[in-house]
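Visitor: Construct the complete structure from the given sequences, taking the supplied hints into account.
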Amino acid sequence: MASIEERLKQLADENLEVDGQPIGKLLDPSKSLFDLGLSSLDIVAFGKVIAQEFNVPLTPEKGAEMRNIGDLIAYLEANAA
Amino acid sequence: MSTSAARCWWSSFREVGSATVIHVDLTPHASREASSALWLNEEERVRWRHYPLPGPRRRFALCRAALRAVLCSRIGCSNERLSFGSSSYGKPFALVDEAPPAIRFNLSHSGKHGLIAFAPHGRLGVDVEERIARRDFDELGEAVFGPHEQSALACVRGCDRVQLFFRLWTIKEALIKALGMGFSFDVSRFEVPPVLYQGRMSIFCFPQLPEVHWRVEYIGNEEFSAAIAHELFPSQLGDQS
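If you're matching them up, the sequences are chains A and B in order.
Counting in the working numbering, the first sequence runs from 1 upward without gaps.
Counting in the working numbering, the second sequence runs from 82 upward without gaps.
Note that these hints are calculated values from the structure, not bench results.
All C-beta atoms in this analysis are idealised placements derived from N, C-alpha and C, irrespective of residue type, glycine included.
Each hint should be verified, as a subset may be incorrect.
Claimed, not checked - With a straight-line cut-off of 25 Å between C-alpha atoms, the simulated BS3-like cross-links for lysine-lysine are:
| no. | chain 1 | residue 1 | chain 2 | residue 2 |
| --- | --- | --- | --- | --- |
| 1 | A | LYS31 | B | LYS193 |
| 2 | A | LYS9 | A | LYS48 |
| 3 | B | LYS193 | A | LYS62 |
| 4 | B | LYS172 | A | LYS31 |
| 5 | A | LYS62 | A | LYS9 |
Claimed, not checked - For the chain B half of the interface with chain A, some residues (derived, Cβ under 7 Å), not all of them:
| no. | residue |
| --- | --- |
| 6 | ALA224 |
| 7 | GLY263 |
| 8 | SER265 |
Guide: Shown next as structure tokens:
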């Protein structure tokens with residue numbers, strides 16, 4: 001089974017782009033989604049997709065507590081169904 | 082530091098109450114990008130190089146250089162004396178020789194447009210968004226809008242829906258940015274009153290913070306949606322028009 005990081009990259013490729021480019025391969029645990037050039041609206045929307053895919057509660061307020069993609073991966077590893 | 086090689090890529094956009102809004106042109110432009118990089122300090126250059134994609138890297142450099150140029154001009158300091166700190170929620174603020182100057186600012190960018198708002202005092206938030214029709218308007222609306230806002234959106238279709246979505250969103254994000262707590266503040270727990278998204282300027286209070294008043298104005302045009310929120314002091318409440 002794919003790791004959470006690999007699933008996140010696939011979800012990002014399917015749902016996010018910056019200046020017309022998919023960004024899955026650029027997901028780096030040390031970076032935040034803002035570092036990739038995403039807007040707040042993109043990030044809120046991606047949070048909804050992640051919550052549905054991993055069956056976890058992931059509100060914008062919860063997301064605001066996470067400093068980077070590594071924090072998101074750790075949260076999903078601890079809470080994903 | 083001179084910007085003459087590339088001429089200024091920022092210009093006055095609007096005066097909004099006691100705040101000034103500058104527009105920053107973020108279209109690709111090699112000489113402007115080269116010039117902007119010279120304005121950045123070492124910490125900013127590290128951040129600039131850290132962006133993996135050229136578009137976000139360009140937007141950061143052009144906006145930050147414009148911010149530096151305007152702040153230096155308004156404060157009357159050299160670029161070398163200017164640095165930036167950030168709050169625990171990540172909201173940036175200016176420092177001159179490590180001390181905060183008497184000026185507030187906030188910055189936003191989207192696509193080819195950046196906006197920088199300045200004011201002598203009061204918390205300030207600005208947001209700009211290029212209008213892009215999204216497949217996920219309904220799902221996003223459920224996450225970020227309250228019931229009355231969702232009802233207003235459900236009543237419009239096509240271009241009018243896109244316009245209203247971004248009008249509501251930019252007003253909300255400007256308010257959230259002015260408050261300075263980011264998305265730790267639940268955006269669906271307050272609603273933009275119709276007078277604000279139908280008209281231009283209004284005084285707003287968060288239901289959770291009724292003692293603080295914000296002057297809020299939609300400042301979008303045909304190219305982008307945008308809004309500004311600026312904290313008012315009690316003495317200013319009678320002056321708004």
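Visitor: Take the hints in turn and mark each one as holding or not.
Guide: Tested hints:
no.	hint	verdict
1	LYS31(A) / LYS193(B)	holds, 24 Å
2	LYS9(A) / LYS48(A)	holds, 15 Å
3	LYS193(B) / LYS62(A)	violated, 30 Å
4	LYS172(B) / LYS31(A)	holds, 18 Å
5	LYS62(A) / LYS9(A)	holds, 20 Å
6	ALA224	holds, 6 Å
7	GLY263	holds, 5 Å
8	SER265	holds, 4 Å
The structure is inconsistent with hint 3 alone, although it conforms to all the rest.
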